[in-house]
Amino acid sequence: AQTVTQSQPEMSVQEAETVTLSCTYDTSESDYYLFWYKQPPSRQMILVIRQEAYKQQNATENRFSVNFQKAAKSFSLKISDSQLGDAAMYFCAYRSRSRDDKIIFGKGTRLHILP
Amino acid sequence: EPEVTQTPSHQVTQMGQEVILRCVPISNHLYFYWYRQILGQKVEFLVSFYNNEISEKSEIFDDQFSVERPDGSNFTLKIRSTKLEDSAMYFCASSPDRETEAFFGQGTRLTVV
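Chains Z and G are the protein sequences, given in the same order. Residues in the first sequence are numbered from 1 upward in steps of one, following this note's numbering. Residues in the second sequence are numbered from 1 upward in steps of one, following this note's numbering.
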């Protein structure tokens, strides 16, 4: 069964600095998707960025980028120029492309932005 | 921008009662999901629904739970005989296909007292 692990329950970063959130996953499949979702205090889950496993190029979305290391099964999220609005719970997630439909989430990392 | 909407935003119910959580997925989406998040914990998959039937369910989704798409637009989660441990945030999500991320609603906070 696939699993997603986020080893950092909480992190803090100074406003305007860069922070990297870690995620590792376990799967026997070669084709899948990886996501980072943000959950602010409003509790709604918002997609931050997605990565297709068959693409070697790391996804980027404005200040958010990922470091996808397929062989190492690692998928970290880098937030540049951190802003107060980035404070939230961040979930790493996995979805198989060929098998079941569900998205599997990690336990999350709570990110604090220090003014 | 289209969004998944859930009602109610907060539901309080007495232990043993039945509750129905409602969701309106994005209109052209084909895959529907329910997830649960006990306060401060991970987001847990409950069930996925495709082509008017359950495509997958987790161990959590036992006989106490059921889902329905009664009218082609709404997608409901029914919890029978609620227990204290059913208290959680319940998220509905939908996606247009299996190659796209799921779009989540704002959640329904269920409190069982």
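Note that these hints are calculated values from the structure, not bench results. Glycine is no exception: its CB is placed at the ideal position from the N, C-alpha and C atoms. It cannot be assumed that every hint is accurate.
Cβ-Cβ distance ranges computed for the label pairs, FRET-style [as the list claims (entries may be wrong)]:
id : chain 1 : residue 1 : chain 2 : residue 2 : range
1  : Z       : S12       : G       : P70       : 19 to 29 Å
2  : G       : Q17       : Z       : N58       : 44 to 54 Å
3  : G       : K78       : Z       : S98       : 38 to 48 Å
Derived EDC-like pairs (lysine to aspartate or glutamate); straight-line CA-CA distance at most 16 Å [to be verified]:
id : chain 1 : residue 1 : chain 2 : residue 2
4  : G       : K57       : Z       : E29
5  : Z       : K107      : G       : D63
6  : G       : K78       : G       : E99
7  : G       : K42       : Z       : E10
8  : Z       : K78       : Z       : D31
9  : Z       : K55       : G       : D63
10 : Z       : K73       : Z       : D101
11 : Z       : K73       : Z       : E17
12 : G       : K83       : G       : D97
13 : Z       : K107      : Z       : E10
Going down the list of hints, with the structure as the test:
For the hinted restraint 19 to 29 Å between Z/S12 and G/P70, the CB-CB distance of approximately 46 Å leaves it violated. At roughly 49 Å, the beta-carbon separation of G/Q17 and Z/N58 lies within the given 44 to 54 Å, and the hint holds. Judged by the Cβ atoms, the range 38 to 48 Å given for G/K78 and Z/S98 is violated: they are separated by roughly 31 Å. Taken as a hint, the G/K57 and Z/E29 pair is broken in the structure, with Cα atoms around 20 Å apart against an allowance of 16 Å.
For the hint pairing Z/K107 with G/D63, the CA-to-CA distance comes to about 26 Å; that exceeds 16 Å, so the pair is violated. Only pairs whose Cα atoms come within 16 Å are accepted, and G/K78 paired with G/E99 is rejected, the gap being roughly 28 Å. Restraint check for G/K42 and Z/E10: the C-alpha separation of about 14 Å stays at or below 16 Å, so the hint holds. Distance hint between Z/K78 and Z/D31 is unfulfilled; the C-alpha atoms sit about 23 Å from each other, more than 16 Å.
Among the hinted pairs, Z/K55 with G/D63 is inconsistent with the structure: their alpha-carbon atoms are about 41 Å apart, more than 16 Å. A distance of roughly 20 Å separates the Cα atoms of Z/K73 and Z/D101; the hinted pair therefore is violated under the 16 Å criterion. Proximity of Z/K73 to Z/E17 is assessed by CA-CA distance (about 26 Å); at most 16 Å being required, the pair is judged violated. Annotation: proposed proximity of G/K83 to G/D97 is violated, straight-line Cα distance about 34 Å (limit 16 Å).
A C-alpha spacing of about 11 Å is found between Z/K107 and Z/E10, which places the hinted pair at or below 16 Å, so the restraint holds.
Hints 1, 3, 4, 5, 6, 8, 9, 10, 11 and 12 from the earlier list are contradicted by this structure; the remaining hints agree with it.
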